Every structure is written in structure tokens, then in C-alpha cells.
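Asks: This is what each chain is made of:
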Amino acid sequence: MFKYYGKYAPYLFLLPAGLLLIVFFFIPFFQTVILSFQDYTNNIYAPVFAGLQNYTELFKNPIFYKVMLNTFIYLIVAVPVLAIVPLFLAVLLNQKIRGITLYKILIYLPVIVSIVVAAIAFKWLYADQGILNYIVTSLGFDSIGWLTDPNWALYSVIIVTIWKGIGYYMMIYLAALMSVPKELYEACDIDGANFLTKHLTVTVPQIMPTIALVVTISSISAMKVFAEIYVMTKGGPLNSSKTIVYYIYERAFENLDLGYASAMAVVLLGIVMVFSLINILCFERKKYQL
Amino acid sequence: MKKLLGKITTHTILIMVCILSIFPFIWLISTSLKGGGENIFAYPPVMIPQDFTFENYVGVWRRVNLLGYFINSMIVAAGTVILNLILSSLAAYPLARMEFKGKKITFFAILATIMIPFQAIMLPVYLITIKLHLIDSVNNLAGYTGLIMPFAVSAFGIFLMRQAFLGIPREMEEAAIVDGCNVFQIFWRVLLPMVKPSLAVLAIFTFIGSWGEFLWPSIVLTKESLYTLPVGVNNLQGMFSSNWRYIAAGSIISIIPIIIFFLSMQKYFISGENEGAVKG
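Order-wise, the sequence lines are chains Z and Y.
Reminder that position 20 of the first sequence reads as 9 in our numbering, one-by-one numbering, no gaps.
Reminder that position 121 of the second sequence reads as 120 in our numbering, one-by-one numbering, no gaps.
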């Protein structure tokens, strides 16, 4: 086809979006790196070049290690649950049964509702004299300080993230299951395989790329959690539920320690970019038509 | 027999999962309907309110500007959706249909923004927004604009629209050229109407994302009158420190609009065709 557009047309079409991406993505990206080499602690309006000072301080700070450990725990608890439970539910929903739409709607509901309301709802369940402690004590255990005990707070918050993510990943799995050839299951049924063997030998290998996709995207979102923590614990008690994004927020917007917060942001950027790169190159090539 | 047993097990598991997924809301609703005469910390907990009342709803509605928060959320979400639709399609068109110098590098630069999490760059984004005077202390319009602009276009939207344009047969453009359309007319009158389904998907998922956004508004907003729903609802906790009846009522009111939206658009969410479209 001949060129029906002017030489500058493509650039004009790209201009508005390009401008916004430059102003709100690329400049901030480079500025984050620059800020991380500056010291703002003496005068917020007159930063001085600090070299690697923010980074050396970061790696000397025990809270930073605590925060990284918490983020890591978030990942290793939330990701396997979010990779396995939604798959199991998707398999159950991938049959001809009654009430399927209602089941999907109810399981998907937490995904739609604002994380703030979800966190408030759980805070109420977790109250000292709340309904969860009623269940715990009536089973004969001591009541638990879900959000006030440093041993529990992080896990209580993780539960909210998991609860809110299940429907989302379930829908991703359901879409993938539709493309698994039915004949494969028929062969299994003839062999008399049970539910578990059937799905371990057919379903799992068939949708392995989707499982891997769910693992990477749930890892990326686990590293970005903020609202749950902000609404429920503010990172406490004793930093026990503080993860990296919350700590960046606290350092940047409450302590106004811009350089230090940016050094941490660079660490976060590095980790997330590695995960995203794996994701794009391995699992989402088709989506972006690379 | 074995088949029947399997079905019963399936339904039992699914019903239990459904209960788990809506129970936090049910318990919130139950609390919000309990009057002052009833102990909300009663052991054992009571599900059906004994001192049934709508007083908490009336009270929280009177004392908190929930309608205002709702309107703010609507303005921000509508602005974000409209800009995303326009800007993403504009940018996607040349990426899908034109040959130009620097196409490859533009493509990868846009792809690269997918890898940059907002949480890592929020501080400079904030500084830039202040520099551009897009903040509510200037005026309301600036406040709304500041809430919208960082999310006015996304690489996700551009790629979604690019894929939609790639699926249109070339003959469509050729016919339009013969008819004497210029490049903008081809885009606006010929191509854009053909990608309506993708525009709908982009609109719906951008809306949901914008509606639930909490981090950015809680950073930039300084005036209560510009609070969006998530920020306003979070603020209920501070206003009614331990009045869980009010907090519960306010939270429930705040989720009614999005639940209506979800139920009326449910095929987009649960048909399984648009998997992975909501941002995680």
C-alpha cells in the first residue's frame, strides 16, 4: 500500500501520549536515580551531592533489612497461594455446573471493591474482641493480636492481599483452561484416572505458561503492596508489617528524606524490572507481538 | 453415583469459597445495621441485628460528604478514561499502521514504561506535579488535573489499541483513500469505529483502576473537599475512631456504585475473554 500520510503524521499522532509518558515516566525514572545520589537532610531546598552515601546508609540500616525480609516473606507466602488456589477453583468452574455465573461473580467481587474498604472490613474482623478472635477462643486457643502482635501483623495483612487476588488470577486461569483440548481429558477418563492425577498429568502441563505468568505478575504486585498496610497497620507494630513501598512512602512523604527514599526506590526499580523483563520476554510476547 | 458425589463436592467447595469471599462485607453490613442499644462486640457474635436501624447510614451521610467524594471519584475516573481512550488510540495508530523513522525505538520505549512501577517513581512524579501547579492548593481544576495526569495514558492501553488496529484489514484504509479521506479522517471515521470493542475493554478497566486508586490521591490531596472515595473512606477511621457502626455504614455506601457497575458490566469481567486486563 502506498504511503497515504505525510512525513510528520506519525509523530503528530504519537505526540500527546509521548509527551505524557516523558513527563510522568521517563523524567521521574531518571530523577529517581539522580535523587538517590543527593542529600536533602540539611536543607530540603538545597540538596548536596552525596555520592553513594544514601546507599551505604541504606545497607547499614537494620530497618531496611527488616523491610526487605518482610517483602520477601510477602512474596513467598502470597505467590504460591495465588498460583495454586485460583487454579484449583478455575478447574472446578471449568465444568458444566449450575450457578456458575453466580459463583464467578461472588469470587470476583473482592477484586472489584476498593482495597481500602477491603482493608477496613478485615480490620473489623481482626478486632481484639472481633469475630475471628471469637472463633479462635471458642476453639480453645488464646485470642490473637492479629494486627497488634508483631508475630502476626504481616501475615494478617498478607491474607487480605490473597483474599483480594484470588478472583483475578482465577479468571486468568479460566481463560487458559478453555484452550486445553477436551480429548486429553477423555483419554484420562477412559484410563479411570482420579481428579488429582487427571489434572496433574493433563491440566498443569498444558497451562504451564499461564502458571508461570501468574507467578511473575503476582510477585510484581506483592512487591508493590501499599494500601493494605497503610489502612490496617501503618507498617507496625515495630516495623513488623512494613514492606518496601510503605517504607519509601514514609521516608519520602513523612520524613522528607528524599535522597534516602530514592535510593530505596532504585532498589525496588531494579527488582521489579527484572521480574517484568522475564514476564514480557517469556510469557507476554504474544500480547505485545514482539 | 461417583459423578453425583463429585458434583456435590464441587458445589460444597465453591459455596464455601463464595462465603469466604463475601463474608467480610456481610459482617460489615451486619455491623452497620446495629443500633446503639446493641453491643457490636457481643460474644458470641450476632449476625442478624437485634436493634435493627438505618440510623448509622443517615448519621454518616449527614456528617461526611460521601456524595462529594463520589462526585470527585467520578470526575477523576471519567477524565482518566476519556484521556486514555483518546491518547492510547492516537499513539497506537502509527505504531500499527505506519512506517516511520524511530518506530522501533518508540515501540520499545513505550514497552519499557510497563516495567517501571509507579511506586518507585512516585516521589519525582509528585515533585513534577507540584512544579506544574497541578495541585489542589492552586484550585480545584488543578487538583483534578493533577489526580488524572500521571494516569492519563498507559503503555497497556497503547498496546491494547495497537493490537486492535493490527486486526483491521488493509482494504478498509484503501477504500477510504480512494474516497478521498485524509489521514485524520481515516483514523477518526474509518478505523476508530472498528475498534469499539477494544475501546470498551480499555474504558472499563481504566475506570476500575482509577476508581480504586489510593496511593496517588493520598499523596497529592490536601483538601478534604477534593477527596476521592478511597481516601475519604480511609479517613472515616480517623473521624469516628472507634465508632465501627459509622465506619461500616460509610464503607458500605462507598462500594455500592462500583458493585452496580460491576454487575451491569459483568460479562466483561467474568467471560474469560479479557483476562489480565485489570491492573494487579
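Because the hints were derived from the structure by calculation, they are not lab data.
There's no promise every hint is true.
Below, computed lysine-lysine pairings styled on BS3-like, alpha-carbon distance capped at 30 Å [unchecked claim]:
| no. | chain 1 | residue 1 | chain 2 | residue 2 |
| --- | --- | --- | --- | --- |
| 1 | Z | Lys275 | Y | Lys195 |
| 2 | Y | Lys266 | Z | Lys275 |
| 3 | Z | Lys(-8) | Y | Lys266 |
| 4 | Z | Lys(-8) | Y | Lys102 |
| 5 | Z | Lys171 | Z | Lys187 |
| 6 | Y | Lys6 | Z | Lys213 |
| 7 | Y | Lys222 | Z | Lys223 |
| 8 | Y | Lys222 | Y | Lys103 |
| 9 | Y | Lys1 | Z | Lys85 |
Note that this is a predicted model, so its numbers are computed, not measured.
Asks: It remains to establish, for every hint, whether it holds in the given structure.
Replies: Results for each hint:
no., hint, result
1, Lys275(Z) <-> Lys195(Y), "holds (21 Å)"
2, Lys266(Y) <-> Lys275(Z), "holds (24 Å)"
3, Lys(-8)(Z) <-> Lys266(Y), "violated (40 Å)"
4, Lys(-8)(Z) <-> Lys102(Y), "holds (15 Å)"
5, Lys171(Z) <-> Lys187(Z), "holds (12 Å)"
6, Lys6(Y) <-> Lys213(Z), "violated (39 Å)"
7, Lys222(Y) <-> Lys223(Z), "holds (22 Å)"
8, Lys222(Y) <-> Lys103(Y), "violated (43 Å)"
9, Lys1(Y) <-> Lys85(Z), "holds (16 Å)"
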